[in-house]
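Could you put the whole structure together from the sequences, leaning on the hints where they help?
From first to last, the protein sequence lines stand for chains A and B. If you count the first sequence from 1, position 214 lands on 214 in my numbering, and the numbers rise without skipping. If you want my numbering, it's the position in the second sequence, counting the first as 1, plus 363.
If you are wondering where the hints come from, they were derived from the structure by calculation, not from laboratory data. Please note: incorrect hints may appear among the correct ones.
Claimed, not checked - Listed below are the simulated EDC-like cross-link pairs for lysine to aspartate or glutamate, each with C-alpha atoms no more than 16 Å apart in a straight line: (1) A:Lys301 to B:Asp547; (2) A:Lys301 to B:Glu395; (3) B:Lys603 to B:Asp369; (4) A:Lys301 to B:Glu572; (5) B:Lys498 to B:Asp452; (6) B:Lys407 to B:Asp458.
All of these numbers come straight from a predicted model, not from anything done at the bench.
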Amino acid sequence: MATPKTRASSFSRNVPSTAAPQMPGVKSGPNGTLFLSSGISDLDKILGGGFPLGSLVVVMEDPEAPHHMLLLRNFMSQGLVLNQPLLYASPAKDPRGFLGTLPSPVSSKDDKPLDRDSEQEKGLRIAWQYKKYFGENQPNSNGQRDNKFEFCNEFDLRKPLQRQFLSGQRVECMSTQDSPDLAALHDRCATFLKQFFRTDGNISGAGRIAIQSFCAPQCTYFDKEWHVLSFIRSLRSMIRSSNAVVILSFPPSLLSPSFSKRLQHMADTLLSVRAIPDEDKDLAKLLTGYQDMIGLLSVHKVARINTQVPIILEAATFSIKLQKRKFLVLECLNQAPVDGSSGTSYATSGSCSVSSKGGSLDF
Amino acid sequence: MDNLLDRALGLDGRGDRWPLLGKVVLVEDCVETGGAFVVHHIIKRFLSPQPAAASNHSLILVAFSQPLSHYDRVLRKLGCNLVAQRDHDRFLFFDMLNLRFPGEEFRDDVKTGSSVLVSLFEKIYNAVRALSAEKNCITIVIDDIALMEVVANGSSDSVLDFLHYCRTLTSEFDCSVVALNHGDIYSTTEKPMLMLNLEYLSNILVRAEPLATGSAVDVHGQLMVFNKGEHDGQGTPGSKVHNFHFRVKENSVDFFYPGGRG
Numbered sequence: 001m002a003t004p005k006t007r008a009s010s011f012s013r014n015v016p017s018t019a020a021p022q023m024p025g026v027k028s029g030p031n032g033t034l035f036l037s038s039g040i041s042d043l044d045k046i047l048g049g050g051f052p053l054g055s056l057v058v059v060m061e062d063p064e065a066p067h068h069m070l071l072l073r074n075f076m077s078q079g080l081v082l083n084q085p086l087l088y089a090s091p092a093k094d095p096r097g098f099l100g101t102l103p104s105p106v107s108s109k110d111d112k113p114l115d116r117d118s119e120q121e122k123g124l125r126i127a128w129q130y131k132k133y134f135g136e137n138q139p140n141s142n143g144q145r146d147n148k149f150e151f152c153n154e155f156d157l158r159k160p161l162q163r164q165f166l167s168g169q170r171v172e173c174m175s176t177q178d179s180p181d182l183a184a185l186h187d188r189c190a191t192f193l194k195q196f197f198r199t200d201g202n203i204s205g206a207g208r209i210a211i212q213s214f215c216a217p218q219c220t221y222f223d224k225e226w227h228v229l230s231f232i233r234s235l236r237s238m239i240r241s242s243n244a245v246v247i248l249s250f251p252p253s254l255l256s257p258s259f260s261k262r263l264q265h266m267a268d269t270l271l272s273v274r275a276i277p278d279e280d281k282d283l284a285k286l287l288t289g290y291q292d293m294i295g296l297l298s299v300h301k302v303a304r305i306n307t308q309v310p311i312i313l314e315a316a317t318f319s320i321k322l323q324k325r326k327f328l329v330l331e332c333l334n335q336a337p338v339d340g341s342s343g344t345s346y347a348t349s350g351s352c353s354v355s356s357k358g359g360s361l362d363f
Numbered sequence: 364m365d366n367l368l369d370r371a372l373g374l375d376g377r378g379d380r381w382p383l384l385g386k387v388v389l390v391e392d393c394v395e396t397g398g399a400f401v402v403h404h405i406i407k408r409f410l411s412p413q414p415a416a417a418s419n420h421s422l423i424l425v426a427f428s429q430p431l432s433h434y435d436r437v438l439r440k441l442g443c444n445l446v447a448q449r450d451h452d453r454f455l456f457f458d459m460l461n462l463r464f465p466g467e468e469f470r471d472d473v474k475t476g477s478s479v480l481v482s483l484f485e486k487i488y489n490a491v492r493a494l495s496a497e498k499n500c501i502t503i504v505i506d507d508i509a510l511m512e513v514v515a516n517g518s519s520d521s522v523l524d525f526l527h528y529c530r531t532l533t534s535e536f537d538c539s540v541v542a543l544n545h546g547d548i549y550s551t552t553e554k555p556m557l558m559l560n561l562e563y564l565s566n567i568l569v570r571a572e573p574l575a576t577g578s579a580v581d582v583h584g585q586l587m588v589f590n591k592g593e594h595d596g597q598g599t600p601g602s603k604v605h606n607f608h609f610r611v612k613e614n615s616v617d618f619f620y621p622g623g624r625g
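Right under this line is the structure:
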């Protein structure tokens, strides 16, 4: 094949990239899937549109840092702002308290991160032969800018979400600490998802479920591995026939490796967050902008619904930064310019892929 | 059309008979590299229109992992219409995804778990018996074994029994059995009995792994195919190991030797 093609098949469907979504907050994607926004526009772009309806997103926590909360908070706020009902479960005694920490969306008159310039700049930086790898992602971002605020908002992490979004029947909370088994949570999820049962017609609404720190040690079901897996299997089957997205975070370091692997296989989208050690001189030398990073996000698996083609990302690890101390952004890791005297080699290139036998930093 | 995987599985022959008759194929994968495309490929080769021999091919798909809509869309892009095949009784879909135990799911009831597998096997046995009465060539596909273990509440004995029984079908009715399992789940277990037994049971082992150098857009991973009964050119029985790379596309999968990317 002389000409490299951006599309995998020789038949390209005539889907207009600016197809109007059936309702705000839901965007159509390839292969008949619909997307919900994660609440972080960078993450939506990385995942090729967002979280597909009917998928299970699993976030692997780092016990040393609460970064998974950032993902959960934005996910939850995004749903509430778009009037998508939310079910939130956590091991805390009073989960409703967490709602007070949800970020507020920026209104258009506030300053918002100007990503337009950086996108254009990106266009200049990419050498021509690598354009084909970006081809798949570009149509989404171009068409999305106009409808941006109907799908994905920018959130100001310093301002709490307005009360009006939290009132009403939109938010249900549940504590997983005291239930003797998972049946209560299962039933709660089942009832919640019934309202989003998928039919062949137009969708009437979309919902979100956020389960935080699943299998935390304080939960009574913590050591009942097969019950947990059974619950996840059942949840997965319920979500497949619903217009909803479940995001679930769990601490893999506190579970047995095979159990953790089983959970990872059940996920459609698999992410992990890691803390960045403070004052790490080696890292500071290796990466640009190290001081601004608050953590690392890795994308291990991207949901593949209705297709067998895997999404291979150019870079699988991103730095989590707070832009202007307010906005959550994800950036590719960039290797700092090598100092001539230090003599380190370019053995790992900045945009290289994840190595399965990689070191602590895979980028 | 011939490709490296077909050659490794023995599907490139010119005969009318389905070469995997009476054989058990185990596909192993990991989180980084999914192996479902191998199963899709075998399904497509089995069901898609070939010279007249395919008219009596019937496939039973025991799906724990995905709904029918997913398989239907994927296989349709590969050139195989599952819904049409189902209407002609060439394709049976056992929906195990929506299998739900009313309220007993989270109790320590191993018996419930294994009884599910027992009744599942009964269903499969009856279906196979009915199909083979019409002189059909049958393949049973299981996606996937790890989820079957969850359904059985962790009782790997029940799962192993189930698979042993499926194996009896290969000798009794000349079926093929194709199963997908996630090898990395067992890699930390000291004595992964289920895994070892499965690998022993199977005639052909296909393992999908990531490249040692990490993921790449052009090469999605590598396949290792271990065909225990493969005869080499001289006719002496032996086993052969094939290694090659692959790239998964919507309409097909490219297989090529390392560096031979076309």
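Right, here's what the structure says about each hint:
As the CA atoms of Lys301 of chain A and Asp547 of chain B are separated by approximately 15 Å, the hinted pair is consistent with the 16 Å bound. Taken as a hint, the Lys301 of chain A and Glu395 of chain B pair is honoured in the structure, with Cα atoms around 7 Å apart against an allowance of 16 Å. Of the supplied pair hints, the one linking Lys603 of chain B and Asp369 of chain B holds, its CA atoms being roughly 14 Å apart against a limit of 16 Å. At most 16 Å may separate the alpha-carbon atoms for a hinted pair to count; Lys301 of chain A and Glu572 of chain B meet this at roughly 14 Å.
Under the criterion of a C-alpha separation no larger than 16 Å, the hint pairing Lys498 of chain B with Asp452 of chain B is consistent with the structure, at around 13 Å. Between the alpha carbons of Lys407 of chain B and Asp458 of chain B the distance comes to roughly 19 Å, so the proposed pair goes past 16 Å and is violated.
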